[in-house]
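S.K.: Here are the chains, one letter per residue:
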Amino acid sequence: MASPFLLAFLIPLLPLLAGIAIGLFGRVLGEQSSRVGVAAVVSAFVAAVWTLYETSLLAPRHVLIDLGSPISRDFFEFGLYLDRLSAVMMVVITGVSTVVHLYSVRYLQGDRGYARFFSLLGLITSVLLWLVCSPNLFMLFVFWQLLSWLLYLLLAYNYGHPPAYHNAFKTLLVHRIGDVAFLAGIALAFNLYGTLDFALLFARAAESSITLPLWPGGVPLVDAVTVLTLLIFIGAMAKSAQVPLHVWLPDTMDTPTPVSALMHAGIVNAGGFLLNRLAPLYGLSPTTLHVIFVIGGLTILLGATMMLIQSDIKKTLGFSTVGQMGYMIMECGLGAFALAIFHLIAHGIFKATLFLGAGHVIHAARRDPLLPPLFSREEHPPGSRLTWVTGLTMTLVLPLMILLAVHGFLAIPLRDQQGAVIFLFFAWVTASQALFSLYRLNAVATWTVEVGMIMALVLIGVTYLWAAETFTYFLYPLPAEVAGYFQAAALPNWLFDALVIVTTVLIVGVWVLLYANARGRDVVVPDWASATLRRIYLLALHRLYLDALYAKLGQGLIRVAQRVDRMI
Amino acid sequence: MSGMVDGISGQVLGYQTLPLAAVIVAIGLLGALALWTRPRAAWAWALGALGLACAGLAGSWVETGWTSTADLLFALVAGVGLVALLAQHPTPRGRPAVLLTLLGTFLGFCALWPEPAMRVWALGGVGPVLVAALIRFGAPRDGGWWIGVGLFGVGLAVLALRPLVESEAATLLGLIVVALFLPVFPLHGAFMVAVTRLPGTATAVFAVLLPVLGFSELLALAPTLPVPWRSALLAVAVLTAVFGSLKALVQLRMEGVVAYSQFVQMALLLWYVVAAHGREPVLTETALYLLVAVLLIWSGLHLAASQVRARFGSLSLEQVSGLARTMPRFATLVVLLVTGAMGLPLFALFAAHLEILIQALPHFFFGLALFMFVWLFASWYFPVLMHRLLFGRPREDLAYWDLRMGEATSLVTMLVLVVLWGLLATDLFMQDRDPVPDLAAHAGDGPEAMRPEVVPQ
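Protein chains in written order, with my numbering: chain H, 1 to 568; chain R, 1001 to 1457.
Bear in mind the hints are in silico, worked out from the structure with no lab data behind them.
Some hints here could point you the wrong way.
[What the hints assert, rightly or not] For the chain R half of the interface with chain H, some residues (derived, Cβ under 8 Å), not all of them:
1) Gly1031
2) Leu1033
3) Ile1135
4) Leu1249
5) Val1250
6) Thr1339
7) Leu1344
8) Ile1358
9) Trp1375
10) Arg1393
[As the list claims (entries may be wrong)] Pair ranges (Cβ atoms, derived):
11) R:Val1419 / H:Gln562: 32 to 40 Å
12) R:Val1419 / H:His542: 39 to 47 Å
13) H:Gln562 / R:Thr1409: 46 to 54 Å
14) H:Trp50 / R:Ser1314: 54 to 62 Å
15) R:Pro1226 / H:Gln562: 32 to 40 Å
16) H:Val294 / R:Ala1399: 52 to 60 Å
17) R:Ala1369 / H:Leu538: 55 to 63 Å
18) R:Ala1232 / H:Tyr537: 53 to 61 Å
19) R:Ala1157 / H:Val291: 30 to 38 Å
Predicted model only: the values in this text are computed from it and were never measured.
We put the CB at the ideal spot given by N, CA and C, even for glycine.
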């Protein structure tokens, strides 16, 4: 074991030991359980920061900590795989977990399952840490599955409350669909390439070109890498709540606030991490990258749309995360793997703050009858000039500036490989969402708020540009590798152009409609368009009827089973 | 593990120890019968006898090492018998279970004996013992009960006929025995009745003994099966898995869910033994690994089900709820067992399934689909079982009491054994493998096989 990385081994081990100790002696420890958990996770965080520092000082390389396991290296090796990606992820996980631990100490005080909660929290933190530093696909899959199961147990924390365990079950079932597909991918990978070790797998997949028929002895032949990356991607889709496997996320709000924070800030990011870890494999299959792009794009659009229409604040937050996960996955689909990591970190911090703040507000509102303050729409005129100027700046001017910056200042080949679309999409959709908020909240249409929003967006844009350059080279130091991903992800030119045109037309069109509507002016909208809009609204309101569809499917299967039971 | 690949009929750990162990168990049985009026003494006597037999077997293995597949099965039968006794209440109502445990262990020893005559005698003995036990002590006698008892009768008739017929017919009759004991659709009724209606913890003993006997028969028959029969058996295995999964989904009692989920795992075992034909010794090794993993986990689940039955009688899952709050020790152990039964990591079943899936069998894609199906359904009916039994609010009109020390110890023992067995997987995965596609080598072997093309760049 390399000595500088000895400390790294403690990072996943400490929360694991804390989780086991609290699980075994929780009754004895009582409310002291939190101290054990906090001490372990804080220590892990410090060790993670130090490990990140050490890793970033060294030339980027993979350091394997061999724990002396006698098992065949081709299949399974237990150890730690330390590179910059795993080091960054360890800091993020231990950081979020530390905040969640500290927050939970008082939040859950007096709760019947106090020790159980801290035990599960320690175990799930450890599982996440092992997952991000797994040296092979097998070990990653082991912890991937354990994550599904522990999340289920954590979501069913209030097991006396039926909605809590029903939604936990829904989550487990969706995650198991992903797990099963992931398993199929692993079995196929091992059978095709004879290894699950990352480096060997990537090398062998790059060296040979294997094709499989879609059905026995038939045509067309499909690239084996495409098949196995798609299978593994289904696993990522389930964990990161991508359409159509997103249905679990908005319904998991019957769990304590710290669990929501951990889930939305940490666990859902697993998909983005998985794609990054397997980036060299995904880089071999443009088809899979395009599928990832489409799924991510759909998730952004549908997640954002459903978020705006939900009347339940918790479900709104859930769909907000769905949309953000869509960004993360779409970035991978565009070959911008490092940006996905940057995005998940930013989103994690922002969403954890939001959830923990929400918990605080809920507690405050229970104590203080004057909270939340009443809102009176009549006091404020609709849509001031200031509001519209801000909106225009955010949705049109800033994206244009970002596009120019991408073309002019960056060294990474975003421009050549259409990667600028990331920024356009991000800026436009985020700004449109912000605009909607602004539109709804005329009450705060002051210079302070408007300037604040514009500055915030500028900051986000600049940070993204910085991340595009610096963070990409931090995680992926070889320029050829980065260029290869962008190249593999490049869409056909006609499709790219069509995408840009459609998006522009849509955004400008919606802009005009909104403005006219706010000003009380009539805009001639064809009947079919109105009808379509109404249908889209209804679809989004009913969450695309996917929940109902899955429920029907489940009920149908149970009916079949009951019939079989009666017959035989 | 590498030492136990010489097939079921190999040299069994020394003829001195095994008869001695069988005799000790027989003495335990007679003693328990003699102490019938003193349940606690009978239980202690039986526990001592079985413990002594297990210690003798263990001592012999330490001295001579593993010599055959049968050694492991002996250990399994004896070990589960001991654990089941430990979990049994030493009350007058628990006496039948104590007797059946000893009887089952004794018959298991005899049935795994290398001498064919002894095996036939013991196999023939299992049916009447179970029929008598079910008639005397079994739960209510509905249609399923009679079918089960009748199937044991069919088994007896088959065993009697088998020596009288030609080779192909004998193979067919052998397959019927396999289907009865392993069990396989549509002859699973006998197994189901035994593992859901026998008294107390005896269900766990027979849930191990019957599949062990079925597996022994299957391994003996597998090399002689004609090719068309193999295809038919693969189809039967798939049918069994699908049928079992659907049945498990709608069971109203814990023992039903546990029994049908075990049935599904046995279907996977059958599928593997048939699909991996010609791959000795890997076949025996992996099949045995899967069998032991399944039986360890499911014997734990059967024990847990018997503990629920001992407390709440014939109440359905819907009628018993909230055990997580009222019986936290039981709930924790059941959650861990369910984790193993769902094929999640750290437990042996996960390693066994994965080992099968990475073997690049001729019917790889078909098998993959089958395993995926089984996994998904297990992820459905097991959490539903947990919700109904453990979650929700406890009833106020029911008396709940958590596991006694013996009961808890039995479940913990099974869990520890399952984890230890999972760690043995390291030996399995140490086998040298070709770097690239086994799958390609088998592409044309079966109708389901895909044909990959390997083109060096």
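S.K.: Please write out, lowest number first, the hints stated earlier that are contradicted by the structure.
M.R.: 1, 2, 3, 13, 17, 19
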